[in-house]
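Participant: Take a look at the letters that make up each chain.
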Amino acid sequence: DAGITQSPRHKVTETGTPVTLRCHQTENHRYMYWYRQDPGHGLRLIHYSYGVKDTDKGEVSDGYSVSRSKTEDFLLTLESATSSQTSVYFCAISESTGGGNQPQHFGDGTRLSIL
Amino acid sequence: RKEVEQDPGPFNVPEGATVAFNCTYSNSASQSFFWYRQDCRKEPKLLMSVYSSGNEDGRFTAQLNRASQYISLLIRDSKLSDSATYLCVVNGGFKTIFGAGTRLFVKA
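Here the protein sequences come in this chain order: S and U.
According to our numbering, the residues represented by the first sequence are 1 to 115, in order.
According to our numbering, the residues represented by the second sequence are 1 to 108, in order.
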């Protein structure tokens, strides 16, 4: 299995609080991604990174920010969590981006509940 | 039209059956294709890549039809353990697009 660790695995928090999810990889892959997965929507890209300090928005980036200060770590922050951000969050990594032929590999996911 | 479309199912089949899933994509410039498997409450896992000439991995066969812009996954001799959601994934134009998945239930 790809060396991807997400933390925390589960979190329950209240509306309005800040939340940070961490993704750590040991594969030295250039590309890292954050997705959310909700019933009826499948996987939706929040943000991705193509190198240290290089990030870009995905299709559902509102309310989220990311940072990548080291190759191995990609952080997702909800500045002020809302109930609509209750979801399962997956981190993924790949050696190349969508224009290449390398697949993405996923972490175990973080189940986030915002009350 | 969605960029990648799959029949959501569910497909309910008996053990030993052969089942096929199709997936259509809209971007003719798409370059690479994959099938993933996702078990309930788990992460998606790569099942197999899909090559232009078609490819097989044990009981699983993947095919690509660029002219009609679809990929398929055939599962032969279904096992109970094949019960999962199967995601079609398309790379192209610097984007990776995931289908919403097809649910498969294999029953004894």
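Careful: at least some of the hints might be erroneous.
Pairs of lysine to aspartate or glutamate, DMTMM-like flavour, derived with a Cα cap of 25 Å [claimed, not checked]:
no., chain 1, residue 1, chain 2, residue 2
1, S, Lys-57, U, Glu-5
2, U, Lys-45, S, Glu-79
3, S, Lys-57, U, Glu-15
4, U, Lys-95, S, Glu-72
5, U, Lys-45, S, Asp-108
6, U, Lys-2, S, Glu-72
7, U, Lys-2, S, Asp-38
8, U, Lys-45, S, Glu-14
9, U, Lys-45, S, Glu-27
10, U, Lys-95, S, Glu-14
11, U, Lys-2, S, Asp-56
12, U, Lys-42, S, Glu-59
13, U, Lys-95, S, Asp-56
14, U, Lys-95, S, Asp-54
15, U, Lys-79, S, Asp-56
Derived from the structure by calculation, the hints contain no laboratory data.
Participant: Compare the structure with each hint and give your call.
Facilitator: Checked hints:
no.: 1; hint: S/Lys-57 x U/Glu-5; result: holds, 23 Å
no.: 2; hint: U/Lys-45 x S/Glu-79; result: violated, 30 Å
no.: 3; hint: S/Lys-57 x U/Glu-15; result: violated, 43 Å
no.: 4; hint: U/Lys-95 x S/Glu-72; result: holds, 22 Å
no.: 5; hint: U/Lys-45 x S/Asp-108; result: holds, 10 Å
no.: 6; hint: U/Lys-2 x S/Glu-72; result: violated, 33 Å
no.: 7; hint: U/Lys-2 x S/Asp-38; result: holds, 17 Å
no.: 8; hint: U/Lys-45 x S/Glu-14; result: violated, 31 Å
no.: 9; hint: U/Lys-45 x S/Glu-27; result: holds, 16 Å
no.: 10; hint: U/Lys-95 x S/Glu-14; result: violated, 34 Å
no.: 11; hint: U/Lys-2 x S/Asp-56; result: holds, 22 Å
no.: 12; hint: U/Lys-42 x S/Glu-59; result: holds, 22 Å
no.: 13; hint: U/Lys-95 x S/Asp-56; result: holds, 12 Å
no.: 14; hint: U/Lys-95 x S/Asp-54; result: holds, 16 Å
no.: 15; hint: U/Lys-79 x S/Asp-56; result: violated, 41 Å
Of the numbered hints stated above, those contradicted by the structure are hints 2, 3, 6, 8, 10 and 15, listed in ascending order.
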